[in-house]
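Listed below, chain by chain, are the residues.
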Amino acid sequence: MTAATTETAAHAPVVGTGHTRIEGRDKVTGAARYAAEVPFAGLAHGWLVLSTVARGRIRALDTDRVLAMPGVLAVLDHRNALRLTTDYTGLLGTRPDPTCAVFQHDRVPHLGWPVALVVAETSEQAREAAEALVVHYEQEPHDIELTAEHPGAYPVDGHMPAVTGKGDLEAGLAASAVVVDAEYTTPEEHHNPMEPHAATARWDGGRLEVIDSNQGVTWVVGELANLFSLDPAAVRVRSEHVGGGFGSKGVRAHQVAAVMAATLLQRPVRVVLTRRQMFSLAGYRSPTTQRVRLGAGPDGRLVALEHRSISLTSTVHEFVEPSAAVARVMYDADAHHTANRVVRLDVPTPTWMRAPGEAPGSFALEAALDELAEKCGIDPVELRLRNEPERGPVSGLPFAGRNLAACFREGARRFGWADRDRRPRQRRDGRWLLGTGTAAASFPSGAAPSTATATAHPDGTFTVRISAADIGTGARTALGLVAADALQVPPDRIRVRIGDSDFGPAMIAGGSMGTRSWSWAVKAAAGELRERLALGADIPPEGVTVRSDTTEAIGSLAPAERHSFGAQFAEVAVDPATGEVRVRRMLGIFAAGRIVNPLTARNQFRGGMIWGISMALHEEAVRDRASGGPVGADLAGYHVATHADVPHIEADWIDDTDPEDPVGIKGIGEIGIVGAAAAVANAVWHATGVRHRSLPIRPDRVLSAPGPAGAPDA
Amino acid sequence: MRKKQLMALSTSSVITLKINGEKHTLPVDHRTTLLDALRERLDLTGTKKGCDQGQCGACTVLLDGRRSVACLQLAVTAEGREITTIEGVADGERLHPVQQAFLELDGYQCGYCTPGQICAAIGVIEEHAAGWPSAVTEDVRPEAGPPDLTAEEIRERMSGNLCRCGAYVSIVEAVARAAQTRQDAATALPDAEEAVA
Chain A
3 MTAATTETAA HAPVVGTGHT RIEGRDKVTG AARYAAEVPF AGLAHGWLVL STVARGRIRA
63 LDTDRVLAMP GVLAVLDHRN ALRLTTDYTG LLGTRPDPTC AVFQHDRVPH LGWPVALVVA
123 ETSEQAREAA EALVVHYEQE PHDIELTAEH PGAYPVDGHM PAVTGKGDLE AGLAASAVVV
183 DAEYTTPEEH HNPMEPHAAT ARWDGGRLEV IDSNQGVTWV VGELANLFSL DPAAVRVRSE
243 HVGGGFGSKG VRAHQVAAVM AATLLQRPVR VVLTRRQMFS LAGYRSPTTQ RVRLGAGPDG
303 RLVALEHRSI SLTSTVHEFV EPSAAVARVM YDADAHHTAN RVVRLDVPTP TWMRAPGEAP
363 GSFALEAALD ELAEKCGIDP VELRLRNEPE RGPVSGLPFA GRNLAACFRE GARRFGWADR
423 DRRPRQRRDG RWLLGTGTAA ASFPSGAAPS TATATAHPDG TFTVRISAAD IGTGARTALG
483 LVAADALQVP PDRIRVRIGD SDFGPAMIAG GSMGTRSWSW AVKAAAGELR ERLALGADIP
543 PEGVTVRSDT TEAIGSLAPA ERHSFGAQFA EVAVDPATGE VRVRRMLGIF AAGRIVNPLT
603 ARNQFRGGMI WGISMALHEE AVRDRASGGP VGADLAGYHV ATHADVPHIE ADWIDDTDPE
663 DPVGIKGIGE IGIVGAAAAV ANAVWHATGV RHRSLPIRPD RVLSAPGPAG APDA
Chain B
2 MRKKQLMALS TSSVITLKIN GEKHTLPVDH RTTLLDALRE RLDLTGTKKG CDQGQCGACT
62 VLLDGRRSVA CLQLAVTAEG REITTIEGVA DGERLHPVQQ AFLELDGYQC GYCTPGQICA
122 AIGVIEEHAA GWPSAVTEDV RPEAGPPDLT AEEIRERMSG NLCRCGAYVS IVEAVARAAQ
182 TRQDAATALP DAEEAVA
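Chains as they are written, first to last, in our numbering: chain A, 3 to 716; chain B, 2 to 198.
It is worth saying that the hints were derived from the structure and are not from the lab. Think of the CB as a built atom: it goes at the ideal place given N, C-alpha and C, for glycine as much as any other residue.
For each label pair, taking beta carbons as the anchor points, the in silico distance ranges come out as:
| id | chain 1 | residue 1 | chain 2 | residue 2 | range |
| --- | --- | --- | --- | --- | --- |
| 1 | A | 542 | B | 94 | 30 to 36 Å |
| 2 | B | 94 | A | 13 | 27 to 33 Å |
| 3 | B | 181 | A | 80 | 55 to 61 Å |
Could you put together the complete structure from these sequences and hints?
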């Protein structure tokens, strides 16, 4: 036994100081193993077969020939698959997407619907057999096209009310000195994490074990236990390293298919989605059509605001991209109306994708604000400062810290905004027209109940365990810093173990809530452990462990408008001859709570801003009306920003410690993308004098846009 | 009958691959890509599969010192080549300067594109040192010599490697730092240039 104490000579706090990633060495040497990389004896490979029609019924599957092919072990389809339970509500308060409940019936609700899983000894054999499987369909006519006037659009109350309204909108607009009325569209966008979705399932001594790539093992355990009618304690999901998620890595068809096959064959089965399959099975961001109407006095102060958005969902599951909700936080007006509606079409189910709602919604709203600034002849930063609300425009609740104005002042200073000529088409650099733009950003700040354990070992080291997910956010490292400060020991004395459902329930990496929720639990456990050790307890060989559960603490938070805020600035160059748009520099200043690890946080903010560049200029998934399927469903057909598209980007923050959070965190995962596309689009207007209200701003759109052409109006 | 047997036999071969200086002899299905041979047969999982179509760069390895995407290379065609994967770029416990710079400057987030970015960067730095121009090189005449390895040059040359997390800014800083380290070493030790080449 060792009498241990955590007292070290004056522990200097490490939260707020830059630290390289705990798993950094493993990542740069290739030693970090992702989901498809953990070896198992007797591993079989499953390959999904997806439908080639957009709507209809499976008439027959010619499985006999496929079963006779070399190495083929089984073909699972709706005739022989395990029956699943889908009548439940999962961790995130939602019903399961039937897309994940594979092989339960013969209906095909979209092209790319999973119709079979072929399992074979090797991946080559599985792939060949899957491609050889002939499926006969009864095809029915399909509808895949989202339009602003789609007759099937209806409002959906999901995580938030579909419709909010106060005041007389039409009267407000009629009485306004200046009115903006514009329609904006954003296309179908796909997460495309670099690591494809992958799962290996096996039965191990009566327990189901899944090695997975996901954003929350608690979440996936819950879904699998419900679907397969298992005791959650009989399911273990591990997800140690995750190659990006962005909202797409929850429970998906491949995990469920892998569990079915492992159950049937009683051996480990791995199912990996191909990049092409991800375009049908990984979820995506719905396209949106949005209408924004703003009415203001000559001074730019809003008197009427309307934001309406339509997004699409599949015929089997309701998912709403709540783009119009951003106005419920950002701006107030006597007449204030917002509405999110959805259309059910014969397409795959969309899902959460980095800043769901805020990303497309801020594009429309912040572009409309820029149009209002132009019409009023007011600087766009000044316009936003004049429209800072005192309380939540819809909720009426006070803001728990709204430091947007400070972000704009600091950003404007650092970007050199004061020198800007408000008129468009005034600057030129050779063949390039230059312009600058700005936009505001916000994203809700929240925390969800989590549990964690902290263990003191006799050798003076500590282990923190929490079923958190590090999908690239740096969460593992951040939690180590939080624990170090709570224990008042150097971070190198702490091991951080994450991504294992056996560590107890915890929040997912999502909603910008992961690191905040987990830090809360880790600080509680580590803090209590320190207190216990301070009493001079002996540490037995198995260590002293303290468990925390934040359910009660988080439940006692008073209602308030809790958000992170930010100000985005971009400078673009537009070639009027080719239509090419290049972002030359970008600056984001954020008020997003306490920053735990500046090294990784800056990287994450920049990553979000790069998503904004990519959204503004590149990303667009195209669906073929004739087949109903995706066109160019790969990384050559679907462009994401690469090195040459990305200039030097500055991301920084102002002090914004959240007094109600034990560590002061608000959450930073999503806010980087919010407003970023609008800042780029507003800069394109400033460069060219042309408003682009449909994303992405492709060269052909720049070239074919009506408006001024030729030399600057000097 | 005999012909049929021969055809059946001809779908696989026993090959020897030289990877990170070590020889591996294994039977492979002729359809097996170098990427799948590394990951699924040899347990060298550091090389990543992002798209399996040559579009993302995650599977970049060095073949005879030059960067190459392992997903577009059949394993049987890699016999006789010097294959270097991420597992082979460090000098024992000492990280390669590119690895060290990625680690210190946070040139990644999720880490999945990282082995490919690092192998590509090693290739880029050598290509640049050897005088290869890029699409953004102003003066491409051989006598002009290598252009400065500016951020713009690095971005252009690294554009075959996607990073969806968007760690591009710190990746470019890491590549620049590693290139500087190499240049400093070459300046300090005049024949180091030759030794590396």
